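Peer 1: What follows is the residue order along each chain.
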Amino acid sequence: MTDVSITHFTFHYPKSDVKVLNDINLTFHSNHFSLLSGPSGSGKSTLLYFIAGLYPRFIGLDATGTIKFGDTDIKQVPRDQVSKTVAMMFQNPNQQFAMDTVIHEMTFVLENLRIEPAKMDNIITHALTFCGIGNLRSRVINTLSGGEKQRVALACIVAMDPPVIVLDEPFASIDPDSRLDLLHKLKVLQTEHGKTIIIADHDLADYQSLIDEFYYLDPKSHQISLLDAPSAQKFFEHFKSTQTINKRVPLPSTSDPAILNIRDFKLNPHHSILLKLDNFNFYKGKMTLITGANGIGKSTLFNALTKLLAYQGTISYDGKNIQKIRPLNYAKNVTLLFQDAENQFLNITVKEELDLSLANKFTEAYSAEDVQGMLQALDLTGRDNQVVYSLSEGQKKKLQIVEMLIMNPPVLLLDEPFKGLDYQSLQVIVGFLNDAKNKFGQTQIAISHQLSGLEALIDYHANFKNQNLTYQEVVK
Amino acid sequence: MNPGLKLLLVMLIALEISFTQSLIVNVILIAVSLIYILLHRISFKALFALVFWPLFPALGLFVSQWLYGDAGIHFAWILFTRIYAYVFLGATFTLTSSITDLALTLEQDFRLPSKFAYGVLAAFNLMPKITEEIKIIKTSALMRGEALHFWSPELYFKAILSSIQWSQNLAEAMTSHGFVEDQDRTHYKIIKITTLDWALLIVLFAAVQAMLYFIRY
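Those protein sequences? They're chains A and B, same order as listed.
Sequential numbering of the first sequence, starting at 1, is according to the UniProt record's numbering.
Sequential numbering of the second sequence, starting at 1, is according to the UniProt record's numbering.
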């Protein structure tokens with residue numbers, strides 16, 4: 001029996017007063033399914049990396065306190081034994097494989113564990129069958145979808161067969177069917193194979209009936225508490241309530257001028273169809289919200305709209321096929337606010353970033369004074385010389401939104417623009433976006449899971465489901 | 001033939017023809033390489049690329065030597081064929097050998113530390129992602145009103161930043177998949193260098209020596 005017990009565990013970055021993890025004391029019980037929740041960026045990953053024995057090695061900073069598996073401190077476990085104790089599944093499906101094909105990756109894993117070659121075929125076949133992906137055995141990993149990659153990652157863990165499995169937001173970019181399927185596989189691993197499951201997730205859907213314990217990392221105290229049943233219930237209900245807002249929006253009328261038209265359109269990046277549209281319009285000067293489950297292709301649609309990804313069919317901007325518009329000219333008209341703020345940055349300091357936007361802005365909509373006002377409203381002033389990559393995730397997001405508003409493109413695509421923002425900043429930004437739309441006629445198309453707080457912004461709502469995009473009156 | 005030895009042979013011959021001047025040997029090397037890769041049924045597109053892209057440097061060398069050099073047209077032809085000999089020799093390796101097998105043989109037979117063998121392999125498997133990333137960096141810059149070209153420092157700054165992040169993630173992933181530097185591993189696929197491999201290496205290399213000795217034109 002191996003409980004994972006954590007005592008007086010404290011971690012903070014040098015030169016920072018804030019403790020990422022502040023005197024954590026808790027025990028993840030053996031053979032239990034534990035959920036660790038908390039806002040993104042609150043330190044859940046950091047704790048899991050320490051439990052998995054990857055930190056302090058890969059971060060170069062140690063924490064105080066201990067993490068024990070049974071009676072053994074994880075630091076005392078010899079390096080070649082760590083994988084026999086605990087395995088980890090990562091958030092990004094693209095960066096957890098070293099080899100080209102599924103079978104090569106799985107043999108690589110077993111070779112590392114010094115399994116006899118004669119036994120490997122059986123172990124691999126069993127692990128792939130368990131995960132329901134026997135048919136992917138010889139596939140090249142790069143050609144798999146996010147959901148398939150995470151199943152391969154789980155198959156590797158099943159083959160390794162460690163008593164403790166740690167998962168860091170493993171479903172952030174995979175479709176709901178894969179998510180539910182993987183969650184049930186984890187439950188089977190717990191109940192029938194005696195595994196201890198520790199999973200970090202801020203999306204609470206589907207967990208209620210599966211978990212034994214619900215831990216919450218409070219972003220203010222930086223401490224983790226075990227929730228009793230009523231408080232856990234409250235969290236689940238609160239989560240559900242943020243997933244819906246009570247708002248009805250009109251359907252687009254036939255007289256609305258279209259700005260982006262999509263025709264005879266097919267999107268199939270992984271040899272399976274994500275989206276098929278015969279004729280679809282986005283409308284000028286309106287804010288259209290796109291909703292839909294994770295991993296079904298919403299961001300992929302944005303990649304097609306910005307010519308980052310090949311597609312079949314025709315997309316026209318203002319009546320002109322976008323493939324016939326010169327890249328710089330098109331990028332100035334249809335601009336994407338990337339989900340990952342770092343993708344937007346080109347320079348090093350905050351001031352350089354803002355200056356670049358001010359120098360290259362497409363219109364004169366925002367003056368330097370306006371920008372100072374925006375920074376003030378978002379509590380971003382006085383950071384001129386700070387390196388953008390050292391900002392917190394929330395600050396990066398705010399800076400990114402300000403610099404893209406300054407550019408003031410006619411069409412702004414926003415991919416999860418409110419991720420990791422506190423509610424007050426969200427309201428300020430909703431105000432900015434409304435100004436851009438009302439004063440400068442900007443067309444906005446947003447993908448967002450965060451719905452509460454957006455009531456004042458949404459004009460139209462399009463739901464992405466069953467490889468189709470349809471306008472709906474109800475937003476949920 | 002064992003991919004490690006094949007690579008060694010190709011590099012030895014390529015090095016040697018850099019210092020020798022035989023037009024006919026160059027042509028023979030190109031012909032033999034061509035037959036070898038045709039036997040492996042490569043795509044027409046790949047073959048076209050092999051012929052087409054080297055044409056520019058090869059013609060450039062040819063013309064400058066022919067018109068402005070002192071050594072005459074024979075030497076110009078040697079330079080021209082030498083470029084193609086390099087390309088086709090290289091293709092006998094790159095088009096017909098698996099990079100995974102090369103890593104395996106380097107680890108098992110050439111005693112290369114496994115972290116290099118698998119590190120290089122992992123980086124190689126990241127190539128398509130790198131192409132994608134460059135595209136994202138360029139598009140994102142366009143959206144900020146900046147056109148980045150292959151000489152723009154911002155492009156490299158962002159690309160290096162991403163690679164550092166990726167290499168870190170990859171190292172973590174390999175570690176969590178049980179990989180430990182300098183530790184013995186078992187091997188599912190044993191790649192041995194056979195006597196036949198050595199014999200082929202020696203015979204082919206000797207044949208090239210003989211040709212270079214006897215064919216001086």
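If you are wondering where the hints come from, they were derived from the structure by calculation, not from laboratory data.
Model, not experiment: these values are computed from the prediction.
We put the CB at the ideal spot given by N, CA and C, even for glycine.
Mixed in with the good hints there might be a few duds.
[Said to hold, decoys possible] Per the computed footprint, the stretches of chain A lying under chain B, defined by three or more beta-carbons under 8 Å from a beta-carbon of chain B, are: (1) 98–107; (2) 111–118; (3) 270–278; (4) 301–313; (5) 334–340; (6) 348–361.
Peer 1: I'd like to know which numbered hints this structure contradicts. Please list them from smallest to largest.
Peer 2: 3
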